[in-house]
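**Q** One letter stands for each residue in the lines below.
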Amino acid sequence: MEFTEFKVLAAAEAQKAGLTDYELYYVSEESTEISMFNGETDSFTASLTGGVAFRCIVGGRMGAACTQELSAAEAAALVRRAADNARTLEKEEEAFFAAGGAAYGEARRAEMPVLSPEALTKTAAAVSEALKTCHEKITERCSAEVMTQQLRTSLVNSRGVDLSWEASVDGVYLSAVVADGEETNDDYDIKVGDPAEMDFRAMASKAASKAAAMLGAGVAPTGSWPVIFSGEAMCSLLSTFASAFSAENARKGLSALKGKEGETVASELVTVVDDPFYPENPFQRSFDGEGSPAFRKEVISGGVLRTLLYDLSAAHAAGKQTTGNASRLSYDSPVSIQPYTFLLAPGELTEDALLEECGNGVWIDFLGGLHAGANPISGDFSLQSAGFMVEKGKKTRPVRSFTVSGNFFQLLKSIVALSDKAVLPRASGFTAFASPAVMVKELTVSGK
Amino acid sequence: MIERELCAKVLEAAVSTGADYAELFAENSKNHTVNMVSGKVDAINDAVVSGAAVRVYKGLSSVMATTVDRSEEGLIRCAKKAAAALGNGKAALSVVLRDRMYANIHPVLVVPSSVPNAEKVDILRRACEAAAGYDRRIRQVTGTFLDVDQNILIASTDGVYASDRRVRTRLSVTALAEAKDGGTQTGSCSPGRRMGMELFEKEVDPEATGREAARQAVVMAEAGYCPAGVMPVAIGNGFGGVIFHEACGHSLEASSVAFGLSQFTGKLGEKIAGEKVTAYDDGTIPNAWGSLNFDDEGTPTRRSMLIEKGVLKSYMIDKFNARRMGLPPTGSSRRESFDYTPTSRMTNTFIGEGPDENEDIIASIDEGLYAAAMGGGSVNPTTGEFNFAVREGYLVRKGKICEPVRGASLVGKGSEVIMNIDMVGKDLLLAEGMCGASSGSIPTCVGQPMIRVSSITVGGR
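Protein chains in written order, with the numbering used here: chain A, 14 to 461; chain B, 79 to 539.
The hints are simulated quantities; they were obtained by calculation from the structure and are not laboratory data.
Among these hints, one or two may not hold up.
[Unchecked claim] Calculated lysine-lysine pairs in the DSS-like style (CA-CA distance at most 27 angstroms, straight line):
# : chain 1 : residue 1 : chain 2 : residue 2
1 : A       : Lys454    : B       : Lys258
2 : A       : Lys223    : B       : Lys491
3 : B       : Lys491    : A       : Lys461
Chain A extracted, bound-state conformation (with noise of 0.2 angstroms):
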């Protein structure tokens, strides 16, 4: 059965239960990814998934359910599974729908074709190729991945919201496996566009440069050092950490920066933008997971905390308007406050002049265990670290198995300088950090 049909069981469903406030979200994801190693074809998928979300408010409390069965049975029981959701939830917050008619801003999105399997085959069959003779020290233990993707959603809801997003995503990623003797190390390189439009051979040179570099790393020494990060590894803190930002986590007691709107949370250097437009990411939406217009926010400028992240009803307990934060990565995902793209605003300096500065310190380009060494809510991480050594205002060294730790919200006070240049490093069709690389005063390495 097709979405428009059960949209339409659902909705008649809903008028029989007595529901007047509900709403239907639904998705359909059609993939096709394939995946070779060392050139030839390992695995081949296509996919073809989504399903439909009920939400309906009963009692000033929102109940959901979601399914992947569309038929009329199942309309029904989605109907009724999300009313009595609602009639156990003891929330106090009260919920809402967006209503209809709002305006809101243009989405640009980069044209992407839909890649047949024989192009996806000949696009992968030319990364391998790629890599085979792209560095000196390249094995024949390399994978290449690209991948089609359609996504379509549509969300409706019973106060005149009507609205729907499309989009073909095409997708290369390679994995560069190097060995020198017994050591072998591994990078990867991901991009997001019209593979016809990518350089697979300076894709492939870049991951296998970043591993190569790495082959002979020792253990940095234990101490306390300057750090810099890179717009990667800023970009891996930013994404653990953007939790505390959402305005329903601190309602919750659930963040650092609960009760600090107005206030100084980070160096003066700081200036932190939510942007659903920004120009580097392909993926750029309108409207949110509950309907209401998306728009570039300042969330931290100067330093200051301008505001949290805000959804209908976090808005309404803060008595606040919703900052349109409200995001759904699936039919089954339940609506959460994210960021779009999240950026830190770049500084002035070079990254050469930001060596300089440094002098002798830690230059960290990857962090590990984020899900496990970090905590969200205290801030604190103790986090497996791999980059460089800093001596004398260079690069030298390559170091790696060691730990790097502090405290988050304390980081962002001793950030001293960043980079002119953000990176965003993987968009995705949903939320998004960009980062310049970031030097801070003081933090412990752990290592030998």
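We have chain A already, so just place chain B on it with the hints.
**A** For chain B alone, kept in the frame of chain A given last:
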């Protein structure tokens, strides 16, 4: 869920272009969670997962097509899509399906998906209230009641036609305590089993779950920061086994071994760990969180000895990677749902009992760390570099457990660290976790008795 005759038709369509293996995996699951914040039901997630996947192999190539349309037409269309992507050969297999009646070694008494919300809320409330009332320093408590009712069917050209109903239930409590420096520290406890509502009569006391989360938060609230450096570490039983899961387990999965991407490729029969280390992957433990009757390719689960007295004995292998490796599958193929391509994963993976007493392990450490409870971690199997977090740690001085310390993580290279396991205790315990990898997020158990790692990098400050 799908009649045998229709399964056979789907598989015939799947092998029509020359596949040498085809498999249909169909699923209809109910996933339900109730979240509680500050003693109130805050959110309920309620999802029906429904769809099917057809996989075909030819030599070392595999194709998977998935669909949410489980009608005859939808399934045949899906099978044809997979067949078309494989090539344009001729059918070379005849499909004969035989009903398999695997023993149900994980019986469930009361299926939670049929139980009203109110009963789940009651259990959750008991746990959260116990945590909130544990100590005046507890500032916030959140809890989750999770239940999954997964109905699956597997039919394959090697003759499997089998279905299973996999039920699992988990209670999870996180407590926040106000730390002495004004920040917050968290503690958590998340027991789960492949069981139904009887879990709370037989194995898990909701109040004790809440109190344990609160106890851990309060201990950590009093703790100073862990010092940084290389030192001997005693790691407690239960979730401490995450060290083996990250440092070694992932690197024994065929998904990396088959491609030569694991540090343990080609090391069968060689000594890879300390000689007191004997380790298992056992998917047959009755009602354990990571257990299954049979894996996601229809191979019965088993108890595999991975390492015997330090010597590598076995990998964890799925049907597809078995071809590349020239070794038989081990009942290790797993996927989060029909929408993920299955691959070799762990079930319940643990270090078995050793010869040492816990007191002797602690007494052997002059200056080091006792990691009483661990958090999660991750690993890059290619380099073997791993990390994991210490949830509850104590300094050890002159063989005595001293003050608690917080914020520690342990990092190292798997192949080196498991060689450094030089003492193994007797108090084997399993603990539940979720493991994420390419085939999705799946329930697994980790486990061990107390062990000693003679030297490892401790990240503190």
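**Q** Now tell me if each hint is right for this structure.
**A** Hints and how they fare:
| no. | hint | verdict |
| --- | --- | --- |
| 1 | A:Lys454 to B:Lys258 | holds (25 angstroms) |
| 2 | A:Lys223 to B:Lys491 | holds (20 angstroms) |
| 3 | B:Lys491 to A:Lys461 | holds (14 angstroms) |
Every hint, counting from the list given before, is met by this structure.
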